[in-house]
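A.B. asks: Be aware that the sequence shown starts at 10, since it is given in our numbering, and climbs by one per residue.
One should not assume that every hint holds.
Claimed, not checked - The calculated label-pair distances, taken between Cβ atoms and stated as ranges, are: (1) Arg197 to Ala346: 20 to 26 Å; (2) Pro79 to Ala179: 50 to 56 Å; (3) Arg197 to Pro349: 28 to 34 Å; (4) Trp61 to Val305: 42 to 48 Å; (5) Ala351 to Ala80: 33 to 39 Å.
Derived by calculation from the structure, the hints in this document are not laboratory data. Yeah, the Cβ is synthetic: ideal placement off N, Cα and C, and Gly gets one too.
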Amino acid sequence: MTSTALHRSTVPAESVNPAAAQSPPSAAQVLRRCRELAAPALSEAIDTLHPWVAEMARYALGRCEVGGAPADHSQGKGVRQALAVLGAEAVSGPADAGVPGAVAVELVHVFSLLHDDIMDGDALRRGRPAVWKAYGTGPAVLAGDALFALAVETVALTPQAGFAVRQLTAALGDLVRGQADDLLFADRPWTGPGAVGAGEYETMAERKTGALLGCALALGARLAGAPGGTVTALDRAGRHLGVAFQIADDVLGIWGDPSVTGKPVHGDLRQGKKTLPVLAALNAPGCAELAGLLGVSRSLDGAGARRAAALVERAGGRAAAVREARRHLAAADTLLAGVPLAQGPAAELRTVLSALAERTI
Numbered sequence: 010m011t012s013t014a015l016h017r018s019t020v021p022a023e024s025v026n027p028a029a030a031q032s033p034p035s036a037a038q039v040l041r042r043c044r045e046l047a048a049p050a051l052s053e054a055i056d057t058l059h060p061w062v063a064e065m066a067r068y069a070l071g072r073c074e075v076g077g078a079p080a081d082h083s084q085g086k087g088v089r090q091a092l093a094v095l096g097a098e099a100v101s102g103p104a105d106a107g108v109p110g111a112v113a114v115e116l117v118h119v120f121s122l123l124h125d126d127i128m129d130g131d132a133l134r135r136g137r138p139a140v141w142k143a144y145g146t147g148p149a150v151l152a153g154d155a156l157f158a159l160a161v162e163t164v165a166l167t168p169q170a171g172f173a174v175r176q177l178t179a180a181l182g183d184l185v186r187g188q189a190d191d192l193l194f195a196d197r198p199w200t201g202p203g204a205v206g207a208g209e210y211e212t213m214a215e216r217k218t219g220a221l222l223g224c225a226l227a228l229g230a231r232l233a234g235a236p237g238g239t240v241t242a243l244d245r246a247g248r249h250l251g252v253a254f255q256i257a258d259d260v261l262g263i264w265g266d267p268s269v270t271g272k273p274v275h276g277d278l279r280q281g282k283k284t285l286p287v288l289a290a291l292n293a294p295g296c297a298e299l300a301g302l303l304g305v306s307r308s309l310d311g312a313g314a315r316r317a318a319a320l321v322e323r324a325g326g327r328a329a330a331v332r333e334a335r336r337h338l339a340a341a342d343t344l345l346a347g348v349p350l351a352q353g354p355a356a357e358l359r360t361v362l363s364a365l366a367e368r369t370i
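Model the full assembly from the supplied sequences, consistent with the hints where possible.
C.D. replies: Next comes the structure, spelled out in structure tokens:
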């Protein structure tokens, strides 16, 4: 988040890396290390697909152009991969124990993005034509289906196959429920008996965003041999992170710097998205003007979006969203503190969680 930090880690620097106490790794460095660790296995998995489907998968990952020519486009930070690796390391397991989980959750994440872009009608994904625009809707659906199947196969081949498949499919079920709620929210009114409540929103965010983050941590830990209590705590921590992550995304979607976020200013307001800052503002006294403005049209023009943003902030919607994100991040910290974790990896995990919720990477 650009102006208000949600959380600052209090882990001493020397616990991150005793050999380099003065320069603990940044979140970006941790994410890069984990991506590089998982990259060969991810490539090998994709290579098993039908060549055309594999090309679409590589395109989605930024590794090729349409037609298959190699490319190196930035296509995400690899957050879910990193959480799987860190989940394994945090329970004192070898980093590579978490790699199958890292591959599986990344495949699921890409699958969900391919289908989300179709459902939302988004023509661009990180500055390039979305897969459905580049290859067609049918092929993009097929590629998403293939990635989903490959993710399940990946964890089914691990020594903890029974648990891993159940964990992944449960997260997928929650992801679908969250996406369904998110789509249905668009047709519900801003105010009145049918309005979306803040509690409903947070349940949606936990399912749509948090389920896969929790699954990543849990898979990494279980594949490294962690006991059930620790695995459950890590899953719950990831779910809290997901809600904080989504709320931070909401704040950036209204007030973020486009040069940093890659999104147009006030983009979520222009699209009429039900986000927590707006929902919180509508519950504050004196919200009639905001409610009237949002009720005029499902999409606002530039002037309308600017006015709505000002009204949301004046009503305390932005501050309320930041407080709620902090609460969820603190809950994740509490869960991590309640189970035995290796000091260095746990510190790196907290660094990543804090940066994700603050969007400082």
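A.B. asks: So, for every hint listed, does it hold in this structure?
C.D. replies: Going down the list of hints, with the structure as the test:
no.: 1; hint: Arg197 to Ala346: 20 to 26 Å; in the structure: violated, 38 Å
no.: 2; hint: Pro79 to Ala179: 50 to 56 Å; in the structure: violated, 36 Å
no.: 3; hint: Arg197 to Pro349: 28 to 34 Å; in the structure: violated, 44 Å
no.: 4; hint: Trp61 to Val305: 42 to 48 Å; in the structure: holds, 46 Å
no.: 5; hint: Ala351 to Ala80: 33 to 39 Å; in the structure: holds, 37 Å
Going down the numbered hints, you'll see the structure goes against 1, 2 and 3, while the others check out.
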